[in-house]
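In the order they appear, the protein sequences are chains R and D. Mapping of the first sequence onto our numbering: residues 1 to 402, in sequence order. Mapping of the second sequence onto our numbering: residues 1001 to 1292, in sequence order.
It cannot be assumed that every hint is accurate.
Interface residues of chain D toward chain R, partial, derived using beta-carbon atoms under 8 Å [claimed, not checked]:
| id | residue |
| --- | --- |
| 1 | Leu1014 |
| 2 | Ala1111 |
| 3 | Thr1115 |
| 4 | Ala1118 |
| 5 | Ser1120 |
| 6 | Leu1127 |
| 7 | Leu1136 |
| 8 | Asn1184 |
| 9 | Ser1186 |
No farther apart than 20 Å at their CA atoms in a straight line, the calculated lysine to any residue pairs in the SDA-like style are these [claimed, not checked]:
| id | chain 1 | residue 1 | chain 2 | residue 2 |
| --- | --- | --- | --- | --- |
| 10 | R | Lys339 | R | Glu88 |
| 11 | R | Lys245 | D | Tyr1125 |
| 12 | R | Lys245 | D | Phe1004 |
| 13 | R | Lys118 | R | Ala292 |
| 14 | R | Lys245 | D | Pro1124 |
| 15 | R | Lys245 | D | Leu1134 |
| 16 | R | Lys245 | D | Leu1127 |
| 17 | R | Lys402 | D | Tyr1130 |
| 18 | R | Lys284 | R | Gly396 |
| 19 | R | Lys245 | D | Leu1003 |
| 20 | R | Lys168 | D | Glu1260 |
| 21 | R | Lys245 | D | His1139 |
| 22 | R | Lys401 | D | Ile1143 |
| 23 | R | Lys245 | D | Leu1135 |
| 24 | R | Lys245 | D | Phe1132 |
| 25 | R | Lys245 | D | Asn1184 |
| 26 | R | Lys94 | R | Val58 |
| 27 | R | Lys402 | D | Ala1129 |
| 28 | R | Lys245 | D | Trp1114 |
| 29 | R | Lys306 | D | Leu1273 |
| 30 | R | Lys341 | R | Asp27 |
| 31 | R | Lys284 | R | Lys339 |
| 32 | R | Lys402 | D | Phe1004 |
| 33 | R | Lys401 | D | Leu1003 |
What the hints contain is simulated information worked out from the structure, not anything from laboratory work. Glycine included, each C-beta is placed from N, C-alpha and C at the ideal position.
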Amino acid sequence: MSSLIKRLGISVVVAGALASTHATAQDTIRIGAPFELSGRFVAYGAQGKRGVEMAVDVYGGKIGNKKIEVLFRDVQSNNQAAVTAFTELTQQEKVDFVIGPIASGIVAASVPAWRQSKPLWIVPGSSSTQLEDAMKGEPLFFHTYPWAYQYHEGTAKALADAMGKGKKVAIVYSDGAYGREQLPWAKEFYTKNGFTVVATELVREGAADLNPVLQKIRLTRPDVLVGIVQTTDAIQLAKQIHVAKLNIPVLVGTAYPQLQEWAQATGEAADGWIGATTYLPGMKRAADPKLAKLFPSLNDWEADFKKRYNREPEFLDVTNYTSAMMLLVAIERAGTTDKEKVAKELATLNIQTMLGTSNFVPTPGGAVHQAFNDMVVFQRDGDKFVVLFPADAADGKLKLKK
Amino acid sequence: MSLFWQCIVDSLLLGGLYSLMSIGLSLGFGVTRIINFAHGEMIMFGAYGAYFASVLLGVDPLLSLPLVSIVVAVTAAVLFKALIEKVLNAPHINQILLLFGLSLALQNVAAILWTGDARSVATPYSLTAYEFDLLLVPHGRIIAFIVAAILIVALFCWLRFSELGRATRAVAENGQAATLMGINVSRMYMLSFGINAALGAATGAISSFLLTITPFMGFHMLVKAFAIVVLGGLGSVAGTIIGAFALAFAETWVSYYVPEGNGWAEGVAFIVLLFVLIIRPKGILGQAVAVH
């Protein structure tokens, strides 16, 4: 008898727990957020998490009367862990919305897991065009970060305009997916704009000495050196270029020349480097006229960020805040958590954000939804950024390194 | 021709860094017969120590190096007493798992404490070089080489001429005989582990202005140091130095003379290691790796 009572008791407790879980699931809007919270890309993941958390907080933590619950998962900067986290979020937690991860390789590894249930997926990272190719025609995939070719397209044109035709370019690229994938694009756009590629040199990620590569490049006497490496290697690359006094007038990076962590680590060696981005600290971007609380002017947003985190925002902080906020707005406007309806709202959003207008457009590579295509080419001048391209936004001219 | 002499200089300077990076690991293994898989994290903590001393206190990494090394050595000695001593006689797999676990834990502690931001100390000498016609000798790297040389000579002198150094060598040769001679073996184990950590931290301090500091920088250096120690001969401090320079020369020459060689350098270096081990399994100057 006592055993029967015990069983009944347990059943009641389990049923109650299940019912409460069900009720909780109905009362909350759950967003999966797999990020690189440890491992070699932890800096990316930390910025991603900060951006998403800040967006939810600014939004007020609720959409209507439903609480927003973000399920952060650590993908450990590891492909297998990313698959596990993604699968757990979509198969067990059954989330319909996912934002993250960021690093190209980790995002690529998550694609098969995404295909199992195809939640609405916002990727605020990965410049890999292999991803663009893999997600061709997918209406639930939204990309809010530049593709690899976008870095070189604008930069090569800006430099051709400023330097004229017939100049020589040398390219240093890393042996990871990041460098190898961008190399053909860099070659294509520099050649298209009248440059001659005189050297392409491979560097090992984490190499202790890049001087052999630089000395070989010195012999080719290029006018431009393009460094396609991740931030950790870019610090050493910039320092060793500075030490080697290569006398190359123009030094070009990808995303890293705008990063404070890169500039602080390289010191005076950062001066004069050129980069391409959709966000520069201190840029003038107005608030959205209708949603000024959620999308304030860039300067106001930066001030709010500094107050909260006691540090300057980085590119991925802004990108992830904007991406998450756009998702929240789309869910509210859809009035439902049906992913197809939310995707439709998201695709048609027309908001003035800190990264530019939020229009999603198809890409030449076949991805359906790509936002923030207006790249700005800039040059570091001491602590300042001088915009070189596009011409209507330019506030200075290219300075050659001495 | 200009590349030839530059290649020699780069190889030598890299060899100095590699020697310091791996010599502590070699000493630690020679005495305790445990491969310290957390050695990379000693380097990482040394780099962060020097970085924060520079950024927060304005102290040059070369000046903070002794203090950073001592702090890391004492911390490592405490960790040894608390954790590692307990597995000294355990199967190797237990030792490996413990030290790998410790390594992962330390990496993530650093990531939590200091974020994953990449950092580096930009001292004036880390951004300048001597120039002799086309030959370039970076100040930062030559300073690192000199510091490495001083520390390695100091280690050799300590091992050869001091009582504790001789006791360390005795324990490395035969722990049981050393015990019978009245040497406190447990203490020597802790001391050699502490010195291993101190040398790792010193490597980190000089890496702080040469390389990029991240919580995960240590693993890559551990792999390299481990290869050097195996190449030179497990437990042989002198062999480790030969191994370090052999690897540095192999990597640098491949980088200079093979098209896109920097990407291949590490692979070629490990092929060299493989051949040495086939021809001479004990490594260049190694003792037979027997369990005692």
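task: List in ascending order the numbers of the hints, as given earlier, that are violated by the structure.
output: Those not satisfied are hints 8, 9, 13, 22, 25, 26, 28, 29, 31, 32, 33.
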